[in-house]
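Protein chains: 2
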Amino acid sequence: MLIVHKYGGTSVGDVERIENVANRVAKVRDAGDHIVVVVSAMSGETNKLIEYAEYFTNEPAKKEMDMLLSSGERVTAALLSIALQAKGYDAVAMTGRGAGIITDDTHTYARIESIDPTAMQEAIKEGKIVIVAGFQGVNKDGSITTLGRGGSDLSAVALAGALKANKCEIYSDVDGIYTTDPRIEPNAKKLERISYDEMLELSSLGAKVLQSRSVELAKKLHVKLYAKSSFSDNEGTLITQENENMEEVLVSGVVLDKNQARVSLRGVLDRPGIAAEIFTRLADAHINVDMIIQNVGMDGSTNLGFTVPQSEHQHAKKMMETFEHDIQGVDFDENVCKVSVVGVGMKSHSGVAATAFRVLADSNINIQMISTSEIKVSMVIDEKYGELAIRALHEAYELDK
Amino acid sequence: MLIVHKYGGTSVGDVERIENVANRVAKVRDAGDHIVVVVSAMSGETNKLIEYAEYFTNEPAKKEMDMLLSSGERVTAALLSIALQAKGYDAVAMTGRGAGIITDDTHTYARIESIDPTAMQEAIKEGKIVIVAGFQGVNKDGSITTLGRGGSDLSAVALAGALKANKCEIYSDVDGIYTTDPRIEPNAKKLERISYDEMLELSSLGAKVLQSRSVELAKKLHVKLYAKSSFSDNEGTLITQENENMEEVLVSGVVLDKNQARVSLRGVLDRPGIAAEIFTRLADAHINVDMIIQNVGMDGSTNLGFTVPQSEHQHAKKMMETFEHDIQGVDFDENVCKVSVVGVGMKSHSGVAATAFRVLADSNINIQMISTSEIKVSMVIDEKYGELAIRALHEAYELDK
Chain A
1 MLIVHKYGGT SVGDVERIEN VANRVAKVRD AGDHIVVVVS AMSGETNKLI
51 EYAEYFTNEP AKKEMDMLLS SGERVTAALL SIALQAKGYD AVAMTGRGAG
101 IITDDTHTYA RIESIDPTAM QEAIKEGKIV IVAGFQGVNK DGSITTLGRG
151 GSDLSAVALA GALKANKCEI YSDVDGIYTT DPRIEPNAKK LERISYDEML
201 ELSSLGAKVL QSRSVELAKK LHVKLYAKSS FSDNEGTLIT QENENMEEVL
251 VSGVVLDKNQ ARVSLRGVLD RPGIAAEIFT RLADAHINVD MIIQNVGMDG
301 STNLGFTVPQ SEHQHAKKMM ETFEHDIQGV DFDENVCKVS VVGVGMKSHS
351 GVAATAFRVL ADSNINIQMI STSEIKVSMV IDEKYGELAI RALHEAYELD
401 K
Chain B
1 MLIVHKYGGT SVGDVERIEN VANRVAKVRD AGDHIVVVVS AMSGETNKLI
51 EYAEYFTNEP AKKEMDMLLS SGERVTAALL SIALQAKGYD AVAMTGRGAG
101 IITDDTHTYA RIESIDPTAM QEAIKEGKIV IVAGFQGVNK DGSITTLGRG
151 GSDLSAVALA GALKANKCEI YSDVDGIYTT DPRIEPNAKK LERISYDEML
201 ELSSLGAKVL QSRSVELAKK LHVKLYAKSS FSDNEGTLIT QENENMEEVL
251 VSGVVLDKNQ ARVSLRGVLD RPGIAAEIFT RLADAHINVD MIIQNVGMDG
301 STNLGFTVPQ SEHQHAKKMM ETFEHDIQGV DFDENVCKVS VVGVGMKSHS
351 GVAATAFRVL ADSNINIQMI STSEIKVSMV IDEKYGELAI RALHEAYELD
401 K
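Chains as they are written, first to last, in my numbering: chain A, 1 to 401; chain B, 1 to 401.
For reference, chain A alone in the conformation it holds in the complex:
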């Protein structure tokens, strides 16, 4: 069996923890399996380097940032290889370049274009444990590129795909994906398995555990993904293809996103392309729009609402003022949050959304916006009721059972 492990920053935060990782990796090899390990920078290192760069300017050149930031993962890879060799294992450390990872030219947020696994495969054939510096590759000119925050997850999934690994285990300080944030609801339960799509919809739950782009890539490449903790021997959560078993579960998790501000436009002029114009302007200004809802009132006038991250609220507000001739009125509300109910079971079971609305109504929580997808119901409510809503929904869907 060929297994890919990926260890995040806290899992390799100091030499003792790197030693711990070496022991875990050694155990896999002892069991007769082949293993490729992808590592992040030691926790704190990347932030330290960014701080250094920001001493000089808020907009450092991206090519230079890639040369700067890619160094942290190389350090960890070399150290883990040294740790394994010290235990008598045959290990080899590789950079992104060495592992054959070719990306496009988008420095600091590159996409992996191809992987030439030859060097890794040869090392594996020789019985070596292969350690790869995550988060990085090279473009066609041979310049170092990086894959964006959390990019080591992406490296791991891409390598697992290229090597046709049997599974890819992502290690962090969290031992899996939970039905909701345990800090809000102590009865939150760890999920044994979850589908790629549910995982994507739960991204704000899983952001610390697993980067969204990696889940998308795992889905595309059919990589069996596990979220596990490097500090325990717990089973973790398997993220995989949807199957019939899964559809029996109505709801997998509920999730709270407090970083939301609501913008409501009343009486938008009925002119073709006005919505397109508004959202193009927001996109050009790099304002991230999350939910969008629109409906036509009894009097034929259009009401348009959307949410943005709270930090971009002022910016969005200013921009809307430029549309004063096209809009009757604008409401803003920073004190909102979004609660979402996620589950593939929704596809085959009706009533999931209705239950959510009823539960919030029973708690006297007013729903300001609703949007639904095939496997998710999201509701914008007053920020102060966020935790209450999560606990009520968690109980209503019996997620603690």
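Not the full set, but computed from the structure, chain A residues with beta-carbon under 7 Å of chain B:
| id | residue |
| --- | --- |
| 1 | 57 |
| 2 | 68 |
| 3 | 82 |
| 4 | 85 |
| 5 | 86 |
| 6 | 93 |
Listed next, the in silico BS3-like pairs over lysine-lysine satisfying Cα-Cα at most 30 Å (straight line):
| id | chain 1 | residue 1 | chain 2 | residue 2 |
| --- | --- | --- | --- | --- |
| 7 | B | 140 | A | 63 |
| 8 | A | 63 | B | 128 |
| 9 | A | 27 | B | 62 |
| 10 | B | 167 | B | 128 |
| 11 | B | 63 | A | 164 |
| 12 | B | 63 | A | 63 |
| 13 | A | 87 | B | 62 |
The hints are simulated quantities; they were obtained by calculation from the structure and are not laboratory data.
For each residue, glycine too, the CB sits at the ideal point set by N, CA and C.
Once you've looked at the hints, dock chain B against the given chain A.
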């Protein structure tokens, strides 16, 4: 004019100091000159990484060490480039690979085999300031190699040679080469210029300022080398070809080496190859032998003496015991030091050595061993007289004038 600068670890020890270096580099560009800058790792970084590795083993794999240690210089190169760009200068950071530095396969102590300066030359032609991560290159397989301690000096000299730069300035926290260690003799004077060969003989004086291999390479490639301080605007010392002017100066400097232990073998058996055998055994055990003297006594028996670093004294002692059948007696003395007088003027002036002997005799200092080269006289004396001897010699040769 094309100038190469090299900044050592203390000169780039934190972001403020990197900013200071950026200002110095900018000044060169402002004057209309082209500049290539080679940088070391921020001071402390390399030692920190070595400590990490030694947590796991005392003999980490050299290939892994190269991947580990080469990261520090990359960080500095990227940061200096960012600092210059923030000031509005066009700069580009390059790794050893990017700068075209190809080495042999000797990981952690590689030799530069060739340099393809095309990428640097193109950047220079575009008016860019080129920043190169020192201390590193790649071997023919594309693996990262490093050049050994102080290797950034070597990078700088090699790049200056490949680019046919007009001069190569090595910046540290010391503003040049002195006639002797100013901590021993406060009247020590900074030398305006010194020959490559003198610099090599004074290496223990200059070790902190300039790595010996770099001086040898500069001599071979005819690179005009300057030792300067990044913390002042002092002129520094020019290290260059010998010329007639220099020969007028009898002695350039006197230097004390306290890290010496003396081994004296009495009555070495008169058997062919015995000396070769002794020194081969010492070399195989990686014991660094410095001075070697041999003379035949009145009775035809041979006395052989040599010095080793104090840390290797016990090791050498044990080894000599294995020769008990070939040697009548062995004396060891850890409490010795070596004082040396260096100057190209010796080549054309006699009496330099005689003066040294007389000066020490006048101070009642007994000379235990003497060895001379074309431009150096070295004497082993009791360790406790080291500083006294240096001061007396410094005055006798009028080095304070």
